[in-house]
Amino acid sequence: MFRLTKEPLDPAALRQALLDPRAGACATFEGCVRDQNEGKKVLSLEYEAYGDLAQREGESILAEAREKFAILTVACVHRTGHLQLGESAVWVGAAAAHRDAAFAACRYVIDECKARAPIWKREHYAGGASAWLNGAVRGEHAAPAKEG
Amino acid sequence: MKRVKLQYFALLRDQRGAAEETIATDAQTAGELYQRLQAQHGFTLGPAHVRAALNGEFAPWDAPLREGDTVVFLPPVAGG
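Line by line, the protein sequences are chains Y and X. The numbering used here numbers the first residue of the first sequence as 1 and each following residue consecutively. The numbering used here numbers the first residue of the second sequence as 149 and each following residue consecutively.
Extracted from the complex, chain Y is given alone in its bound form (with noise of 0.2 Å):
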C-alpha cells in the first residue's frame, strides 16, 4: 500500500496494516522535519507531489521490495502540504518471518522514495526566507538479496 495524504500520519494506525500472524519481525521508518539543514535553521517544510506519477512510482518501488527481500507486507504514507517541526513526513513499515529481510525492505522503500518519487519539499527560515531542495542522494540500502 502507497498513499499521498495531506493528513497527519499516525503511526499506531498505520501499524495495523502490518499485522500477520506468520510475521516474527515488524521494522516501521518515520522521517520528520528537522530544525536545521546544511547550517540553516528550518522552521517548516512543505511537501508538494506529483500525485499521479508519485503514486506509480511509489507502488513500483514496493513491488520491487516484495520482489528483492522475504517479506509478508510492505506500506509506505508520504505527506503532502505545510509540515511543523517534529511532525512526520512520510512512514514506512515491513513485516517479515525474520527481523533481516524486514528491516532491509524498509531501508530499500525509504531510500528509492527519496531517490525517485516526484515529491519535492521547500524549506522556510526564520526571516521569512524559503527554498526548494534539489538534488535527493540514494541512501546506501542494505544489498537487494533474498534470504534463502
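Possibly wrong hints are sitting among the right ones.
Just the calculated beta-carbon pair ranges, DEER-fashion [claimed, not checked]:
id	chain 1	residue 1	chain 2	residue 2	range
1	X	P195	Y	Q16	42 to 48 Å
2	X	E205	Y	P11	29 to 35 Å
3	Y	A129	X	G204	29 to 35 Å
4	X	A187	Y	R22	55 to 61 Å
5	Y	L43	X	M149	18 to 24 Å
6	X	F206	Y	R15	31 to 37 Å
7	Y	G51	X	P208	33 to 39 Å
8	Y	A13	X	R184	46 to 52 Å
9	X	N203	Y	E30	31 to 37 Å
10	X	H189	Y	G51	19 to 25 Å
11	Y	A13	X	G204	48 to 54 Å
12	Y	E87	X	E168	25 to 31 Å
13	X	E180	Y	S60	24 to 30 Å
14	Y	R15	X	R184	46 to 52 Å
If you want a taste of the chain Y side facing chain X, the calculated C-beta under 10 Å gives, among others [unchecked claim]:
id	residue
15	K6
16	L9
17	L53
18	A54
19	K114
20	P118
21	A129
22	W132
Covered stretches of chain X (in silico footprint by chain Y; criterion: 3 or more residues with CB under 8 Å from a CB of chain Y, positions within the stretch not fixed) [to be verified]:
id	segment
23	164–175
24	182–190
25	218–225
If you're looking for bench data, these hints aren't it; they were derived computationally from the structure. For every residue, glycine included, the Cβ atom is placed at its ideal position computed from N, Cα and C.
Position chain X relative to chain Y; hints supplied.
Coordinates of chain X only, in the frame set by chain Y:
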C-alpha cells in the same frame, strides 16, 4: 503546431508563476520543448537536472510530442 498541456511543480512552478497552462508548440520532442521553455521563462535548471513525464509516465528527452499530451518537467526530487 500541436497543443499540449503543461503542469509545473516546485521550483519550476515558482519560476513559471503558474501551476499549469496549455500551449501551442511546434517542438517535436520533450527535450526540444524544455529547451524552448527554459529560454522563454528563464528556468535555472538545465536539462541535466530535469526529467520529463508524458501523460503520467517518465519519458526520455527524445520522446515525440503529440497533440493533447500532458507534459510535466520534473525538478530534482526531494521527498522523505
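Here is how each hint holds up against the structure:
1. Look at P195(X) against Q16(Y): about 44 Å separates their beta carbons, and that is inside 42 to 48 Å.
2. A beta carbon spacing of about 32 Å between E205(X) and P11(Y) agrees with the range 29 to 35 Å that was offered as a hint.
3. Taken as a hint, the range 29 to 35 Å holds for the pair A129(Y) and G204(X), whose Cβ atoms sit roughly 33 Å apart.
4. Range check, A187(X) to R22(Y): Cβ separation about 57 Å, and the 55 to 61 Å hint holds.
5. In this structure the hint that L43(Y) and M149(X) lie 18 to 24 Å apart at CB is violated, the actual value being about 46 Å.
6. Here the CB-CB span from F206(X) to R15(Y) is close to 32 Å, well matched to the stated 31 to 37 Å.
7. Taken as a hint, the range 33 to 39 Å is violated for the pair G51(Y) and P208(X), whose Cβ atoms sit roughly 22 Å apart.
8. A13(Y) and R184(X) have their C-beta atoms about 47 Å apart, which keeps the hinted 46 to 52 Å range intact.
9. At roughly 34 Å, the beta carbons of N203(X) and E30(Y) sit within the given window of 31 to 37 Å.
10. The hint said 19 to 25 Å for the Cβ distance between H189(X) and G51(Y), and at roughly 23 Å that hint holds.
11. The hinted range of 48 to 54 Å is not satisfied by A13(Y) and G204(X), whose Cβ atoms lie roughly 29 Å apart.
12. Range check, E87(Y) to E168(X): Cβ separation about 28 Å, and the 25 to 31 Å hint holds.
13. Distance hint check: the CB atoms of E180(X) and S60(Y) are about 28 Å apart, consistent with the given range 24 to 30 Å.
14. At roughly 49 Å, the beta carbons of R15(Y) and R184(X) sit within the given window of 46 to 52 Å.
15. For K6(Y), the suggested interface contact is broken, since its CB lies about 15 Å from the closest CB of chain X, more than 10 Å.
16. Violation of the interface hint for L9(Y) is found here, the shortest Cβ-Cβ separation to chain X being roughly 13 Å, above the 10 Å cut-off.
17. At about 6 Å, the closest approach between the beta carbon of L53(Y) and any beta carbon in chain X falls short of 10 Å, and the interface hint on this residue holds.
18. The interface hint given for A54(Y) is met, as the beta carbon of that residue sits about 8 Å from the closest beta carbon of chain X, less than 10 Å.
19. For K114(Y), the shortest C-beta to C-beta distance to chain X is roughly 4 Å, which falls under 10 Å, so the interface hint holds.
20. Evaluation of the P118(Y) hint against chain X yields a held restraint, the C-beta minimum of about 5 Å falling below 10 Å.
21. Residue-level restraint check for A129(Y) is violated (minimum Cβ-Cβ distance to chain X is 13 Å; threshold 10 Å).
22. A hinted interface residue such as W132(Y) counts as satisfied when its beta carbon comes closer than 10 Å to some beta carbon of chain X; here the least separation is about 4 Å, so the hint holds.
23. Residues of the segment 164–175 of chain X lying with their CB closer than 8 Å to a CB of chain Y number 0, which falls below the three-residue condition for coverage.
24. Here the segment 182–190 of chain X counts 0 residues with a CB under 8 Å from a CB of chain Y, which misses the bar of 3, and the coverage is violated.
25. Check on the segment 218–225 of chain X: 5 of its residues sit with their Cβ under 8 Å from a Cβ of chain Y, so the three-residue criterion for coverage holds.
Hints 5, 7, 11, 15, 16, 21, 23, 24 from the list above are not met by this structure, while the remaining hints are.
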